[in-house]
Amino acid sequence: MLNTEAIRILVLAVLFAPVALAALVGLAGRSGYRSARRLASLGALVHLGLTAALAVPAVYVLIDRSESEEAYGHRAANSFQPIFVPGDPSGELGSYETAWNLFPVAKAPADLPPPAIQFFLGIDGLNIWLVLLTSILTYVAVLVSHGSIRERAAGYYAWLFLLQAAILGAFLSFDIVLFYIFFELTLIPAFFLIGCWGTGGGRRDAARKFFLYTLLGSLFTLVGIFGIVLTNPTPVSQTNPDKTHYTVVLDAKGQPHYPKAGPVTFSIPKLMRNVAVWNHFHEIAIRGAELKKVAAAKGLEKARSGREPIAIPLAEDDVAKAEREWQTAKADREHYKSLQYWLFFALIAGFVVKVPLVPFHTWLPAAYSEAPPAVALLFSGVLAKLGTLGLVRIVLPLCPDMAVQQGLPVFGFLGALGIVYAAFCAFAQRDLKLFAAYSSVSHLGLLVLGTFTLTAEGLTGAALHMVNHGLTAGAMFALVGFLAERYRTTDMNQFGGLIGRFPIYAFWMFVICLASVGLPGLNNFIGEMLILSALFSPEATAPVGYGLGIAAASGIFLSAWYTMTMLRKVFFGPLLLPPTPTDVEPRDVRPHEWVAFGLPALLCLALGIFPQPVIQSMKSDVNIIVRQTDDARDRANDAKSAAK
Amino acid sequence: MFDLSSPIGLALIAAALPLAGAVLAAILGWSKLGRFAHLPAILSFASASVISLLVLAGVIEGDGALSMSADLGTWFSVGRLNVTFAFLLDPLSLVMLCTVTFIATFIAIFSAGYMRGDAGYARYFSIMSLFVFAMCLLVMSNNFFVLLAGWEGVGLCSYLLVGYYYAKPSAAAAARKAFLVTRLGDVGLVLGIFLLWQAGGYHTTFDSLFDHIAKYPPASGTITAICLLLFCGAVGKSAQLPLYVWLPDAMEGPTPVSALIHAATMVTAGVFLLARCAPLFVLSPEAGLIVSCIGGATALLAGFLALAQNDLKRVLAYSTVSQLGFMFLALGCSGVISPKVAVVAAMFHLFTHAFFKALLFLGSGSVMHAMGNVIDMRKFGGLRKLMPWTHATFLIGSAALAGVPLLSGFWSKDQILHGLLEAGESHAKYHTIYLGLFAVALATAGLTAFYTFRAYFLTFWGTERIPHEAHGHAHESPAVMVVPLVVLAVGALLVGLIVDPLTHGFGHFLERSPSIANAHAGYLAHSNMVEKPHAFSWLVAGLSSLLALGGIGAAFAIYRRGGPEIVPAKLKPIYALSQNKLYVDETYAAAFVKPAEWLASTGRQFDAFLDAIARLLSFAPRLIAGLLRPLHNGLVQFYALGTVLGLAVFLTVVVFRSAR
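Protein chains in written order, with the numbering used here: chain A, 1 to 644; chain B, 1 to 660.
Excised from the complex, chain A in its bound form (with noise of 0.2 Å):
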């Protein structure tokens, strides 16, 4: 009933057609802003609609996909399984992978994954709501830059929709090298929007900042990336290098056959298998080689209390033998997880940098206060989601056992961290974009925390919080965008009774505020749950305690804490006038406003509300990711047992 084939082409033209789009508004907007504002936001709504023509199917097929799962009882897959695969060579569900390579590193038989960098682009749980967020908050993003943004305006809309572009690239890559060109490209729209359409004097500054750290940050990731490929090729057949070797196989001899190293991959699935594989094996490795040991070391018993002095020196070989394999078996093993320690902190370096966590989040206060509300907007709501995804696509699938290891101490503390510090620093904060910036870093760390709890719980909350945190931190500073279009000013002093002068504009804020300090109804309530949960949950607990847990829950607090102090000063109190009368009288919500701030909106009533379709559809992803992550912790654990 769906047409598989035409929904391909819809995920290509929901990715190329903001570049087109970008084109059109650059070269048809020149005559003034009016028309280049018209045909931009004319162009992002029916963006968002092939977007929503692509979502529907894509979540009714994700729906039923967990269901079926569920209902059969389906182990988890052991990869990400991404549907509507421009390029499938296959029919009509899908191989999940695609035959269109862009740039091949080596030759290698029909049989093994092709060695070669792909223009693999794909949708899954994690992803979808993100594309849909995306071209959303881009709608709303050229409706609130409608009076703001008069100077070569064109020229402003057209980066605006290469920045979506870049963004939804990256969304929606299934492969690394893919995703990473997509990751960095964002950097090139960013920097143009924040350096010329700017609002503060410092803003020259404030881009090249924010491009070099970012930058500085995902410079280790590309080394990241680069030591998982190299450290986890698929594995081949010793006797048969043309063939794929995922398993143990026994000869006849009932002796195990290991795999060797063949080819590079670049596809995140097939390296999530290989890196599952090779982890594998090393463990089987291990055991193999003590099994070994111990019938030598048997053999040795028997020779010596035997009446043929002759098999004495033979067993002592072989036990001799027996140890030396064994050796390097566990040589191998502990080469390959100092390895997997270095690139796992490297790999995770740029995204921690684009979410921000704190402390490497110093190079948002310039950027956000300096960038246009709009762009503001796409940054936190979007941008940001880059890093998060790149957690939960990259991070966690490729380097599973450090996850477990070092992701609640070390991230899971930085994330509780950043909850506290960021909230304090808003609560500080005169000026409203850093404000709703700060603000954002705190709910981020949250996200993250949530992440690296490594539960369902808890990842199907950070995925969830994505959605919820683009939602509101975008709205809010869409929301912020109005009071600088009219005031001229976004110094928190300036404003005063509010409710009084815009109380529909009023209303708008006190349901993102409302939202953003997780009110029950509201969607992130839902997410803030789920994450305590996780935290709660014996998988956490185990390393860590409840440390986490208390400064996760003091978030539910500290945000009030600061929201209502906003809102306090903003909007209660006797009325303030703008500082500098502007030329006409500043005016409630208008028209477009009504759906650049209702949307978000009614989508936060929504998703507070009704998640479960959303948490379903995320469902059958999420496991794929716990299934790896208990695989990793059930090592650990081993490992620890063997230990002792």
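Any given hint could turn out to be false.
Okay, derived cross-link-like pairs now, DSBU-like style, lysine-lysine, Cα gap no bigger than 30 Å in a straight line [what the hints assert, rightly or not]:
{"id": "1", "chain 1": "B", "residue 1": "K168", "chain 2": "B", "residue 2": "K594"}
{"id": "2", "chain 1": "B", "residue 1": "K594", "chain 2": "A", "residue 2": "K569"}
{"id": "3", "chain 1": "A", "residue 1": "K569", "chain 2": "B", "residue 2": "K32"}
Some chain B residues close to chain A (C-beta under 10 Å, calculated; not the full set) [stated by the list, open to error]:
{"id": "4", "residue": "G150"}
{"id": "5", "residue": "G163"}
{"id": "6", "residue": "A173"}
{"id": "7", "residue": "V187"}
{"id": "8", "residue": "Q605"}
{"id": "9", "residue": "A608"}
{"id": "10", "residue": "L610"}
{"id": "11", "residue": "A612"}
Source of the hints: derived by calculation from the structure; they are not laboratory data. Small disclaimer: the values here were computed from a predicted structure and weren't measured. Built from N, CA and C at the ideal position, the CB exists for glycine as well.
Fit chain B to the known structure of chain A by using the hints.
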């Protein structure tokens, strides 16, 4: 699914009606018909009240457990956390539902007169309806997450209504304070919920959670921690020590709001929560003791603070805090004496208190309405003749609050005192402390009578004084405001007598609640005590009547001539201490608020410092470049020299290494 005509279906309809009322009122306000916004509110409350009373009438007969649950589908469900829209109808929730909707109906009618002509008329009724909806959600929830939704929902409505006069800085500050202080308690509540979830086998609905806990009791430390964390939430919401400070400030809201939210319903949510969780509290005598101690301390302290307030509404606010303390005093006994006595006493006091305290607040609202929004008792007095209806009803409310025999407050207070005495006479571990708390409760009862009648005499006796803010229009309130006063006054007079001492209906009905029955079973299992029949004790009744009449007599002796108040020089320091609220607000500001703000600004500066470090790092390339730059001086000879020298060094090294 369930049948909409079943009792729980009807109760859910009753709960949902105020939501429809809220939406309708908002639409009316939107469409310039704001002056009719009271209609959807009043009609929805009234019909909800009628429906819930009908449900009550339908199930009140009979014996045995009464509990119906309904599940309206999944809210969110991942892994071990399965949360549904789960609702529960048992005597506990039904009593709350009836009380809330009944009182709300009359307060809404009163509000229609009180708020007439106000600019935010529609906003007022819309939020009030939303409040009633959230309160119904809270009392009918069958898991902690729906409860939390109601809990936070009533908190939000309280915030919006306290800050109703948004242009007034004091109202804005009070609204923020109310939200934040209760939210501080909510942190504990949420932690408690998840700790319980973990200890209770990852169940979410109340019955399965409590069953699991009863079957596999966790370590006593864990259960005490859970109880105390849940109690944190109650401390915030029900304004107990040390978080009671928001409630007196919350009087900035319109007076009917104070009557509904800050006296009759929302602030009792903490009591309801503890009653609901009684099966947990019976397992932890330590937690029970702490609950009682905090309740007792709050009751006494708030009673003391109410002594010297000049603002009539503040007297009532402190009195509410004090009476809530009474309810917690009773709840804390539930591990020592049967929860059938303790929880029922607390709920009974909650029930009667809702009537007479709402009445008193509405009465003060009526006074305020007449006096041109002045509520300072120094500025008016002797209103007995001017406002006969208000005076009569206020007197009834005061007498009920003071615990004059045969009035509502007397019966419920008597049950609490009786329970405390029983706990004190038991052989439990901490029985002497309970005996001390009994004395505290008696003292508070005397104080209550005194301060209530002080306020009454200052307002209604003596020579007639009217502030000039009234512009000479001081008058008795219109019928729309007087009728609710009369209805509530009848309630304050008779409801206590009818529902329990005469019929014993209240206690028997509540005992059919599974929460209380479970708690009772747990109590019997843990304390190996024989159930004693609950008997009326003439000693307790006599003592409390004596104290009530003594307090009233003392107030009569001092204040019968009305204001202005003359304080004897010897008592001045104590009077000042009470009037300045023991400087608790100032202490909190110095001990917590200021340090937090300082920490925040330090955090901001530290952030700048972090940024400076990042900047410093970014100078490194430039610094290295600066070191190397002189080498590129553009002189070919220099480069040639460098090449030759480099080659020489390289060759030397190569030669020496190979020679070694």
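Results for each hint:
For a cut-off of 30 Å, the pair hint linking K168/B to K594/B stands: about 23 Å separates their Cα positions. With a C-alpha separation of about 17 Å, the suggested pairing of K594/B with K569/A holds against the 30 Å cut-off. The hinted pair formed by K569/A and K32/B meets the criterion: a straight-line CA distance of about 29 Å does not exceed 30 Å. For G150/B, the shortest C-beta to C-beta distance to chain A is roughly 8 Å, which falls under 10 Å, so the interface hint holds.
Because the closest C-beta pair between G163/B and chain A is about 6 Å apart, less than 10 Å, the hint holds. A cut of 10 Å between beta carbons decides the hint on A173/B: the least distance to chain A is about 7 Å, and the hint holds. Interface hint status for V187/B: upheld, as the beta-carbon distance to the closest one in chain A is roughly 5 Å, under 10 Å. For the restraint placing Q605/B at the interface with chain A, the shortest Cβ-Cβ distance is roughly 9 Å, inside the 10 Å limit, so the hint holds.
Interface hint at A608/B: satisfied, since its Cβ lies 9 Å from the closest Cβ of chain A, which is below the 10 Å cut-off. Residue-level restraint check for L610/B holds (minimum Cβ-Cβ distance to chain A is 5 Å; threshold 10 Å). Interface hint status for A612/B: upheld, as the beta-carbon distance to the closest one in chain A is roughly 9 Å, under 10 Å.
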